[in-house]
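Novice: Under numbering that gives the first Met the number 0, the first residue of the sequence shown carries the number 0, and numbering increases by one thereafter.
Misleading hints may appear alongside valid ones.
Stated by the list, open to error - Here are the computed lysine-lysine pairs in the DSSO-like style, where the Cα-Cα straight-line distance is at most 27 Å: (1) K135 <-> K35; (2) K88 <-> K39; (3) K86 <-> K35; (4) K86 <-> K43; (5) K102 <-> K43; (6) K102 <-> K35.
What the hints assert, rightly or not - The following label-pair restraints were derived from C-beta to C-beta distances: (7) D142 <-> N166: 35 to 41 Å; (8) D142 <-> K39: 33 to 39 Å; (9) K39 <-> E148: 39 to 45 Å; (10) P90 <-> H180: 18 to 24 Å; (11) Q175 <-> K135: 33 to 39 Å; (12) A145 <-> N28: 50 to 56 Å; (13) G110 <-> S89: 18 to 24 Å; (14) E74 <-> E147: 22 to 28 Å; (15) D50 <-> E74: 19 to 25 Å.
These are calculated hints, taken from the structure and not from any lab test. Don't be surprised by glycine CBs; every beta carbon is placed ideally from N, CA and C.
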Amino acid sequence: MKTDTLLLLSFAVLVTLFSCRGSGGNAGNACLVEGKTDYKEYVKAYLVNPDGNVLLDSAEIDNGRFQFSVTEGLERPRALLVRLTDKDKSPLMQMDMPMVAEKGRVRLEVGEYILTTGTPLNRAMQTFLNSLQQCKDGVAAQDSLAVEEIRRVYSAFYRQQILSNRNNAVGDYIYQAYGVHLLPEDREAVENAW
0 MKTDTLLLLS FAVLVTLFSC RGSGGNAGNA CLVEGKTDYK EYVKAYLVNP
50 DGNVLLDSAE IDNGRFQFSV TEGLERPRAL LVRLTDKDKS PLMQMDMPMV
100 AEKGRVRLEV GEYILTTGTP LNRAMQTFLN SLQQCKDGVA AQDSLAVEEI
150 RRVYSAFYRQ QILSNRNNAV GDYIYQAYGV HLLPEDREAV ENAW
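Throw the hints in and build the complete structure from the sequences for me.
Specialist: So this is what it looks like as structure tokens:
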């Protein structure tokens with residue numbers, strides 16, 4: 000009798016453990032996106048494709064926090080956007096943040112600065128975003144640059160970033176989101192490298 004009870008209890012524990020896998024603490028084979036914002040005006044978070052026209056998931060922002068779990072399509076990491084909106088869904092108040100869906104835990108912090116961490120490709124995305132800000136600051140500091148020179152600076156920057164990420168989802172995202180700014184010679188260099 001005691002052995003049967005112990006066996007039944009062990010079986011119940013095993014069933015509970017296997018049924019709870021992937022639903023919480025460890026991301027396992029999922030991409031767990033944990034977000035935090037300091038801005039109280041944002042009430043809803045959406046997970047969308049990079050074009051912003053396909054809704055994949057949504058979450059209420061509660062006490063500045065939101066969470067998504069991506070389980071499908073992770074065999075090849077891909078860029079997605081997390082979109083924060085206010086209660087009126089005003090396009091002027093909307094904030095889009097790129098991130099990469101890959102196995103693991105991704106952390107997004109939205110405050111005075113946006114910070115994306117947690118997985119190798121999300122660290123690469125953050126490096127790109129930081130470099131982009133430095134490029135913008137450098138251009139803004141030189142008030143005597145002609146429009147054509149500004150275009151050359153940005154085109155060279157995007158070429159370098161795409162090429163240094165050409166074998167991953169970050170490079171794909173940069174090309175899709177910023178490739179329109181490539182000058183013909185930089186576009187050719189990118190396309191020849193792929």
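Novice: Hints first: check each against the structure and report whether it holds.
Specialist: Checked hints:
Taken as a hint, the K135 and K35 pair is honoured in the structure, with Cα atoms around 26 Å apart against an allowance of 27 Å. Only pairs whose Cα atoms come within 27 Å are accepted, and K88 paired with K39 is accepted, the gap being roughly 14 Å. With a CA separation close to 17 Å, the supplied pair K86 and K35 stays within the 27 Å bound. Distance hint between K86 and K43 is fulfilled; the C-alpha atoms sit about 8 Å from each other, no more than 27 Å.
In summary, the hint linking K102 to K43 is supported, as the alpha carbons are separated by about 24 Å, within the 27 Å threshold. Taken as a hint, the K102 and K35 pair is honoured in the structure, with Cα atoms around 20 Å apart against an allowance of 27 Å. One distance hint, 35 to 41 Å for the beta-carbon pair D142 and N166, holds here, with the actual separation near 38 Å. Between D142 and K39 the CB atoms are about 36 Å apart, so this pair conforms to the stated range of 33 to 39 Å.
The hinted range of 39 to 45 Å is satisfied by K39 and E148, whose Cβ atoms lie roughly 41 Å apart. Judged by the Cβ atoms, the range 18 to 24 Å given for P90 and H180 holds: they are separated by roughly 22 Å. For the pair Q175 and K135, the supplied restraint of 33 to 39 Å is violated, since their beta-carbon distance comes to about 19 Å. A hinted range of 50 to 56 Å holds for the C-beta pair A145 and N28, which are about 51 Å apart.
For the pair G110 and S89, the supplied restraint of 18 to 24 Å holds, since their beta-carbon distance comes to about 20 Å. At about 43 Å, the beta-carbon gap between E74 and E147 misses the expected band of 22 to 28 Å. Checking the proposed 19 to 25 Å range against D50 and E74 shows it holds: the Cβ atoms sit about 21 Å from each other.
This entry does not satisfy hints 11, 14, going by the numbered hints stated previously.
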